[in-house]
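Colleague: Please build the complex by placing chains B, C, D, E and F on the supplied structure of chain A, with the hints as guidance.
Protein chains: 6
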Amino acid sequence: MQLEEYLAGDDRIVLPLGSTEQHGYLSLGTDSILAQRVSLEAAEPLGVPVLPVLPYGLTPAFAAFPGSPSLRLETYVELLRDLLDSIHGQGFRRFLLVNGHGGNMPAGSLAREWMAGQRDAQVIFHSWWCSDRVLARAREVDTEPSHANWFENFPWTRLPEVTLPEGRKPPLDQAAYRVAGPAEVRELLGDGVFQGAYELPDEQTERVWRTGVDEVRELLESGWR
Amino acid sequence: MQLEEYLAGDDRIVLPLGSTEQHGYLSLGTDSILAQRVSLEAAEPLGVPVLPVLPYGLTPAFAAFPGSPSLRLETYVELLRDLLDSIHGQGFRRFLLVNGHGGNMPAGSLAREWMAGQRDAQVIFHSWWCSDRVLARAREVDTEPSHANWFENFPWTRLPEVTLPEGRKPPLDQAAYRVAGPAEVRELLGDGVFQGAYELPDEQTERVWRTGVDEVRELLESGWR
Amino acid sequence: MQLEEYLAGDDRIVLPLGSTEQHGYLSLGTDSILAQRVSLEAAEPLGVPVLPVLPYGLTPAFAAFPGSPSLRLETYVELLRDLLDSIHGQGFRRFLLVNGHGGNMPAGSLAREWMAGQRDAQVIFHSWWCSDRVLARAREVDTEPSHANWFENFPWTRLPEVTLPEGRKPPLDQAAYRVAGPAEVRELLGDGVFQGAYELPDEQTERVWRTGVDEVRELLESGWR
Amino acid sequence: MQLEEYLAGDDRIVLPLGSTEQHGYLSLGTDSILAQRVSLEAAEPLGVPVLPVLPYGLTPAFAAFPGSPSLRLETYVELLRDLLDSIHGQGFRRFLLVNGHGGNMPAGSLAREWMAGQRDAQVIFHSWWCSDRVLARAREVDTEPSHANWFENFPWTRLPEVTLPEGRKPPLDQAAYRVAGPAEVRELLGDGVFQGAYELPDEQTERVWRTGVDEVRELLESGWR
Amino acid sequence: MQLEEYLAGDDRIVLPLGSTEQHGYLSLGTDSILAQRVSLEAAEPLGVPVLPVLPYGLTPAFAAFPGSPSLRLETYVELLRDLLDSIHGQGFRRFLLVNGHGGNMPAGSLAREWMAGQRDAQVIFHSWWCSDRVLARAREVDTEPSHANWFENFPWTRLPEVTLPEGRKPPLDQAAYRVAGPAEVRELLGDGVFQGAYELPDEQTERVWRTGVDEVRELLESGWR
Amino acid sequence: MQLEEYLAGDDRIVLPLGSTEQHGYLSLGTDSILAQRVSLEAAEPLGVPVLPVLPYGLTPAFAAFPGSPSLRLETYVELLRDLLDSIHGQGFRRFLLVNGHGGNMPAGSLAREWMAGQRDAQVIFHSWWCSDRVLARAREVDTEPSHANWFENFPWTRLPEVTLPEGRKPPLDQAAYRVAGPAEVRELLGDGVFQGAYELPDEQTERVWRTGVDEVRELLESGWR
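Chain order of the listed sequences is A, B, C, D, E and F.
Mapping the first sequence onto the working numbering, position 140 (from 1) lands on 140, and the numbers just tick up by one.
Mapping the second sequence onto the working numbering, position 111 (from 1) lands on 111, and the numbers just tick up by one.
Mapping the third sequence onto the working numbering, position 86 (from 1) lands on 86, and the numbers just tick up by one.
Mapping the fourth sequence onto the working numbering, position 210 (from 1) lands on 210, and the numbers just tick up by one.
Mapping the fifth sequence onto the working numbering, position 54 (from 1) lands on 54, and the numbers just tick up by one.
Mapping the sixth sequence onto the working numbering, position 61 (from 1) lands on 61, and the numbers just tick up by one.
Pulled out of the complex, with its shape left as it was, chain A reads as follows (with noise of 0.2 Å):
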């Protein structure tokens, strides 16, 4: 009832999408629990509402580490569009997807077809950890942002009674990890972490977190055609 009292005066709506995945020693829902909780700080002092984080996405290369469930490509799209699908039948008009996993960019590019098959519809696809700003912001604390390293760990994120390896990790063989099946990739990973520093001081990916929330904010506030 509050939607549509909401909906009279505003039609933006925010869908995070996250992915239940390894993490190295962060929780398997780090990708969702970033993505949504970036999407609540960002939306609720504006008063625009966030739809449950969409928690199962597309991490095909993390097939041999389990509780990492992947979608067949096909099905993600089939779901996304969906999903906006219905919302738009209900009244909203403009869609930020906040996306928390390297894996689903393929919904990028479903957005952009279901905006062109829509006259009176926006959406906007934004992975808030690697845009210019957040990339630029994270480099300045460390030069390896990186997945299920420092630039993931959050009080948020972490799991209880888990002891994270000091030091550095060596840099992911990329080209090695680009021809990999899941069990080299396995083997590849080791603990799961790609590279680099496994945490940081709380006040430094603060900075970063907070500079996410900001863009979030103000792509819903002006992101807009």
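Watch out, some of these pointers could steer you wrong.
[What the hints assert, rightly or not] To spell it out: a stretch of chain A is covered by chain F in this simulated footprint if at least three of its residues, at any positions, have a beta carbon under 8 Å from a beta carbon of chain F; those stretches are:
{"no.": "1", "stretch": "18 to 25"}
{"no.": "2", "stretch": "65 to 75"}
{"no.": "3", "stretch": "99 to 112"}
{"no.": "4", "stretch": "116 to 126"}
{"no.": "5", "stretch": "170 to 181"}
[To be verified] Derived DEER-like restraints, expressed as beta-carbon distance ranges:
{"no.": "6", "chain 1": "B", "residue 1": "S222", "chain 2": "F", "residue 2": "Q174", "range": "58 to 64 Å"}
{"no.": "7", "chain 1": "C", "residue 1": "D132", "chain 2": "A", "residue 2": "E4", "range": "32 to 38 Å"}
{"no.": "8", "chain 1": "A", "residue 1": "G9", "chain 2": "F", "residue 2": "A183", "range": "22 to 28 Å"}
{"no.": "9", "chain 1": "C", "residue 1": "G190", "chain 2": "D", "residue 2": "D132", "range": "32 to 38 Å"}
{"no.": "10", "chain 1": "F", "residue 1": "E5", "chain 2": "B", "residue 2": "G91", "range": "38 to 44 Å"}
It should be emphasised that the hints constitute simulated quantities derived from the structure, not laboratory data.
A virtual CB, placed ideally from N, CA and C, is assigned to each residue, including glycine.
Modeller: Then chains B, C, D, E and F, alone, in the frame of chain A:
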């Protein structure tokens, strides 16, 4: 990494199935919240992992209520098939689908079909709130357990600052509902609640809840072949 | 040409949904025969046309019984969607799906979804044998109406030169059946019958049948909005 | 149970493919009736089982004739694939698809594709009425064997209380038909018959029929590798 | 930009359909080359645009010949549907599909289905090499026009440095081919040619070619309603 | 036959991925031409076969430019999956997808997913024009390599009798482009070029081209695991 240790000694896993949809004066996420929570309360003491609840399902009849996204049936079926395939590929063999939404029943059909194609896997599809046992317990409390009324009204599904109507809502006209399109459903349901008392004392609903948790736990313990 | 005249004054049509599958000592086509016949007996006096029964449905649990073809869920759903779309495009507006097989329940979910996408159409999905009314009448006759037992044993579903066992079959172990793969189902069911008496006198089953026909006719007459 | 005994010594099975569609003055089920009957007459003497005819196929050009439901091509293909997969899984290895409708030709393409993916299966797709042999025999009877004319007019496809026009219908304008949408098809065809004589004496059509049955039987006997 | 000017005065467009597959001693791209070239020679004098040939089609029977990729039927159908939808959305209304491969026949079924769903569009599906007219002309030249033999042997489909066998290949055993899996097809075909003369003088094949081009041009000029 | 000999000693193959779409003053086939040509120049010296370029891809944003057909994402993904499956079934094991169009990025996701399901296959997805190496070289030539400007302007993509504008086009408003529907894209782009110089001297673009060819060749030689 914890899941790999787990898989050395066990192969059970729980996938809660929810829906995001109007629930009268309760949270849009009621079905998801309940499926997730009943799963966690049942599984944690056994050490069985619970995947994130799937927050989107089949609810086409509520298309005229904003905030009730619905998937097409094919999409939902493929989504579940992909999840089962993927998790199965990672070593799990006994799957308990804990369903929180009446519209999701085809997930049970998919479970049967999927299981028929796997020699080494078992799937139990369990709609936690409408088993004989939970319904019997519920009817001891009140004759009309139903959508969005006291039966789904728990401390964890109530919204802050929402006051519920007093008294009982008259019964839904089931024959009219059967052939109602979204607009007619909207009109028939008004505030979205089907019928009966909006709220009962927590100690009464707690008994129903406890029965639900117990049954899920027993299925996890002894529902397998 | 006759249908065009009909459409000038009416827009109802019946689509019977069957299945081809093992029925113990009865015809593989039992579900189709019953759905088709109950439809014809109900609809002909009203002049409402009945489409040919769809003889293939969802019966994955019987995969180890030869002669029990089963469709994938997505295929079945798309098949029904296409049929409804096509017939709707030819002028029909009120569709009664008369279902004869328990596994086909997702057809009801599809009916709901399809109807939600059409402003001018109504679909009733009716599983003729398991309505409250028919089951109540059946239980007056015998406490165990079930798959392939007396409940489906009519002059029009019996096979020539097949002799039925005497006595009652012990009840199916439902908990075991729930997690049984095709081979285990085969073993659990033996001759294919679920439980109870194989045969009852025709004057008893005739009463059940008559109730089924009456209910379908009443739905055709007054089930619409 | 009879099929299990059969499979101990044989692995052939027949699936008739029909269509429900306008046939001028003949039954809407003409294609289904003929495919089913020609299959039964050919297979029964050999003891080869015949599945129920699939009564829905591809007939988009008749969309403006009520009672002519048509499936989308993808749906039809998936339906056939599922049926073949399922029956193959139950032990059959040699499949004869007896087709009764011109629009269903893509079933032959699917048969080829499906067979290419199975080492141990053979599929023959046979459109019974348009083989060289049957057409040759038909043209001995009359030069214009065609849709809904004498060529499909048998005691088992005629409707009671329907009187046929006398004389011959002028030939269909094939070039116009080629680019006609449903409304134009409707206009071009008028009563639905393509061209030629509406009816011929049964002893003449019987000869064509007999040729069709013989050919199907010979395929069943000696069409395999 | 040129197409926008064109659309101001015309709405015809040609889509050639090819296949990449073994053609004995000729190019793997023979079907594509011929479909593209016959389209261009026919359309250019009329100023009608020709889209790039679709070089992949349906050729499952050649699965044991490397370099013969084949699409699943559903994929091919959806691909064509998308192309027609997309081009139609850009203003074209009369589509000529010029097909160069026997296995692609279901494209004609799709064309019919697609056209039935559009009020304002016409599609002609034309398999250029097997029209009555082209085959008649071909048979004047030689009695066995066939796959990969002289009938497809043109200066533009020959491979450099490949010498052809002399003489005629004996006829293909069509009955064996009908039920042959990929390995058996491989064995039956040997060098991939079906039968007959490998090569004829260019002035003879040129006459066939000219007939093919003429027919395509006439369809473009006067095949529409 | 040549491919069979090749497969005895090698298992690499190249599939170029193109698009047919507006390219300002250049050929509609620019992306296809470039992907095909860069593949051939790289692969021929190594004797690695190159399949025909797939000339249709994902370009929904250009829907208002005639001659820019776009596939739905699901269709494109299934098309690629079928091609990989089919070619893999014919003996190839190392696949290089050389992509020429920005919209086709989901092909890379499919490549990853497909590879994860094959133990013995490797797929490299390489967008030839936007690798770090090629972009670095391009930026040495001019700061704005972009769609349809000098960066794609080669002797083999220019149209006869088309004169290009002089000077530089002002930069595209990326924020506006992000939420633009087809009509707005049309308006934003005008002649279709994104920004920058329309043309540069061939000796400058030739250096970029050479870098692209070299990189593809090196991937073919040493990009595998």
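Colleague: All hints, please: hold or fail.
Modeller: Evaluated hints:
Coverage of a stretch by a chain is defined here by at least three residues with a beta carbon nearer than 8 Å to that chain's beta carbons; for the stretch 18 to 25 of chain A and chain F the count is 0, and the condition is violated. Proximity of the stretch 65 to 75 of chain A to chain F, defined as three or more residues with a beta carbon under 8 Å from a beta carbon of that chain, is established by the 4 residues found. Chain F is given as covering the stretch 99 to 112 of chain A, and this holds because 6 residues of the stretch bring a CB closer than 8 Å to a CB of that chain, at least three being needed. Against chain F, the stretch 116 to 126 of chain A contributes 7 residues with a C-beta closer than 8 Å to a partner C-beta. That satisfies the three-residue criterion, and the hint holds.
With 6 residues carrying a beta carbon less than 8 Å from a beta carbon of chain F, the stretch 170 to 181 of chain A meets the three-residue requirement, and the given coverage holds. Our hint of 58 to 64 Å for B/S222 and F/Q174 holds, since their Cβ atoms are close to 59 Å apart. Hint check: C/D132 to A/E4, Cβ distance near 35 Å, so the stated range 32 to 38 Å holds. Distance hint for A/G9 and F/A183: a CB-CB separation of about 27 Å, consistent with the stated range 22 to 28 Å.
Judged by the Cβ atoms, the range 32 to 38 Å given for C/G190 and D/D132 is violated: they are separated by roughly 49 Å. The hint said 38 to 44 Å for the Cβ distance between F/E5 and B/G91, and at roughly 43 Å that hint holds.
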